[in-house]
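S.K.: Spelled out, the chains give:
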Amino acid sequence: MSQTMWIILFGAIGTYLTRIGGHLVLSRFKSIHPRVQAGLDAVPAAVLTTLVAPAVFNAGPAEWVAITIAGVIGWFTGIMPMFIAGAAVIIALRSLFGV
Amino acid sequence: MILETTHSRLPQFLRGARSSVPVLVAAAPFGLLFGALAVDAGLSIGEAVAMSAAIFAGASQMVGLELFGGHVAPWLVVLSIVAVNFRHVLYSASAGRRLWRWPPLKKAAGFFFLTDPQYAETERQAEFGEEVTFAWYMGMALPIYALWVIEAWVGALFGNLITNPHALGLDFLLPIYFLGLVIGFRQRSFWLPVVAASAAGSIVSYEVIGSPWHVSAGAAVGILVAVLFSPAARKVE
Numbered sequence: 001m002s003q004t005m006w007i008i009l010f011g012a013i014g015t016y017l018t019r020i021g022g023h024l025v026l027s028r029f030k031s032i033h034p035r036v037q038a039g040l041d042a043v044p045a046a047v048l049t050t051l052v053a054p055a056v057f058n059a060g061p062a063e064w065v066a067i068t069i070a071g072v073i074g075w076f077t078g079i080m081p082m083f084i085a086g087a088a089v090i091i092a093l094r095s096l097f098g099v
Numbered sequence: 001m002i003l004e005t006t007h008s009r010l011p012q013f014l015r016g017a018r019s020s021v022p023v024l025v026a027a028a029p030f031g032l033l034f035g036a037l038a039v040d041a042g043l044s045i046g047e048a049v050a051m052s053a054a055i056f057a058g059a060s061q062m063v064g065l066e067l068f069g070g071h072v073a074p075w076l077v078v079l080s081i082v083a084v085n086f087r088h089v090l091y092s093a094s095a096g097r098r099l100w101r102w103p104p105l106k107k108a109a110g111f112f113f114l115t116d117p118q119y120a121e122t123e124r125q126a127e128f129g130e131e132v133t134f135a136w137y138m139g140m141a142l143p144i145y146a147l148w149v150i151e152a153w154v155g156a157l158f159g160n161l162i163t164n165p166h167a168l169g170l171d172f173l174l175p176i177y178f179l180g181l182v183i184g185f186r187q188r189s190f191w192l193p194v195v196a197a198s199a200a201g202s203i204v205s206y207e208v209i210g211s212p213w214h215v216s217a218g219a220a221v222g223i224l225v226a227v228l229f230s231p232a233a234r235k236v237e
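These protein sequences, in sequence, are chains A and B. For the first sequence, the working numbering gives the first residue as 1, with consecutive numbering after it. For the second sequence, the working numbering gives the first residue as 1, with consecutive numbering after it.
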């Protein structure tokens with residue numbers, strides 16, 4: 001097996017361990033402390049925000065307009081209309097103004 | 001009861017598959033890009049496909065590619081891939097609470113597919129008071145996985161066909177999608193302080209320590225704020 005395939009194999013094993021590890025560790029405890037509970041409840045919003053904020057911070061006017069419109073639509077409707085509207089606005093602005 | 005569950009499996013699976021649609025669209029450019037870059041970095045088409053199939057985590061695969069090119073020790077490449085994926089430990093601990101009824105083998109299989117959107121949609125299910133069934137979970141996971149592997153192959157074959165990904169807005173589709181998921185959690189207690197703290201933390205760490213470490217660092221700030229200050233955490237004392 002090539003060195004590349006060994007790296008892929010061990011990278012895959014390590015990645016799988018991160019995906020099952022948190023659960024294996026946590027399931028050893030019979031009860032979850034309220035602070036841990038509160039922290040875990042915050043995980044989705046906390047992690048997902050980090051995938052948005054720097055991208056928006058380092059973007060330009062076209063992206064800011066698109067994400068604002070998408071955000072407002074998302075707040076009042078659902079994720080699908082929001083996603084389609086955001087994509088439409090970003091494509092339109094970039095092709096119109098080349099920004 | 002047994003009849004009921006067998007009958008409800010297919011609709012559950014299809015409902016999961018419907019949740020996968022925005023992810024399929026948003027992730028496609030990255031799946032293709034990975035295949036194209038992999039061949040560029042000197043991997044064979046088979047190795048590119050194997051990497052997507054075995055690791056199934058986009059950002060870490062890209063980081064792996066960057067290091068394949070240089071003269072980096074193999075163990076360090078592996079370590080970097082795992083470090084980028086370390087955030088999954090949090091997903092696993094948090095989502096595991098939704099899957100606790102599953103038998104061990106289903107759990108073992110399910111956690112392999114625990115990507116960012118898979119985790120987020122799992123939490124959304126719980127948010128709506130729906131049970132996270134294995135059929136729903138796989139209905140979402142399998143289309144994402146199948147396309148991810150196929151995209152590595154297609155990207156490796158025809159890497160240079162997308163000449164202007166910027167004009168198609170491809171680089172900004174995932175942030176829009178992820179913002180949609182963030183908004184979906186707005187009913188949770190202490191949502192705004194957590195989002196504000198994570199946003200500030202991730203922007204600062206993105207500028208200071210760089211990608212992809214801003215994900216773990218920024219999330220840690222938001223989680224810490226919840227642990228220290230949220231009403232749910234404070235009412236024990």
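Derived by calculation from the structure, the hints in this document are not laboratory data. Wrong hints could be hidden among the right ones.
A short, non-exhaustive set of chain A residues, derived as facing chain B with CB atoms under 8 Å [said to hold, decoys possible]:
hint	residue
1	Met1
2	Gly14
3	Gly21
4	Leu26
5	Asp41
6	Ala59
7	Gly60
8	Pro61
9	Ala70
10	Ile90
Between beta-carbon pairs, the in silico distance windows are [unchecked claim]:
hint	chain 1	residue 1	chain 2	residue 2	range
11	B	Asp40	A	Gln3	10 to 20 Å
12	B	Glu127	A	Leu9	30 to 40 Å
13	A	Pro61	B	Trp75	39 to 49 Å
14	B	Lys235	A	Met5	19 to 29 Å
15	B	Trp75	A	Gly60	18 to 28 Å
Pairs of lysine-lysine residues, derived as DSS-like cross-links and limited to a Cα-Cα distance of at most 27 Å, are as follows [what the hints assert, rightly or not]:
hint	chain 1	residue 1	chain 2	residue 2
16	A	Lys30	B	Lys106
17	A	Lys30	B	Lys107
18	B	Lys235	A	Lys30
Glycine is no exception: its CB is placed at the ideal position from the N, C-alpha and C atoms.
S.K.: Quick check on a hinted range of 39 to 49 Å for A/Pro61 and B/Trp75, using CB atoms only.
M.R.: 44 Å, holds
S.K.: Under the criterion of a CB-CB separation shorter than 8 Å, is A/Ile90 in contact with chain B as hinted?
M.R.: With a minimum Cβ separation of about 4 Å from chain B (threshold 8 Å), the hint on A/Ile90 holds.
S.K.: Go through the hint on A/Ala59 and say holds or violated, using the shortest Cβ distance to chain B against 8 Å.
M.R.: 7 Å, holds
S.K.: Just to be sure I understand the hint, the distance between the Cβ atoms of B/Lys235 and A/Met5 should be within 19 to 29 Å; is that true here?
M.R.: For A/Met5 against B/Lys235, whose Cβ atoms are near 52 Å apart, the range 19 to 29 Å is violated.
S.K.: Under the criterion that the straight-line Cα-Cα distance not exceed 27 Å, is the pair A/Lys30, B/Lys106 satisfied?
M.R.: Judged against 27 Å, a Cα distance of about 22 Å means the pair holds.
S.K.: Lying within 10 to 20 Å: is that true of the beta-carbon distance B/Asp40 to A/Gln3?
M.R.: 18 Å, holds
S.K.: A/Gly60 was flagged as interface toward chain B. Is the shortest Cβ-Cβ separation under 8 Å?
M.R.: 10 Å, violated
S.K.: Closer than 8 Å between Cβ atoms is the bar; does A/Leu26 clear it against chain B? Give me holds or violated.
M.R.: 4 Å, holds
S.K.: Restraint: A/Gly14 near chain B, CB-CB cut 8 Å. Satisfied or not?
M.R.: With a closest approach of 4 Å, the A/Gly14 hint holds.
S.K.: Given the hinted pair B/Lys235 and A/Lys30, is their Cα-Cα distance within 27 Å?
M.R.: 20 Å, holds
S.K.: Does A/Gly21 pass the interface check with chain B, least Cβ-Cβ distance below 8 Å?
M.R.: 5 Å, holds
S.K.: Is the hint on A/Asp41 kept, meaning its closest Cβ partner in chain B is under 8 Å away?
M.R.: Status holds, d = 6 Å.
The structure shown violates the earlier hints numbered 1, 7, 8, 14 and 15.
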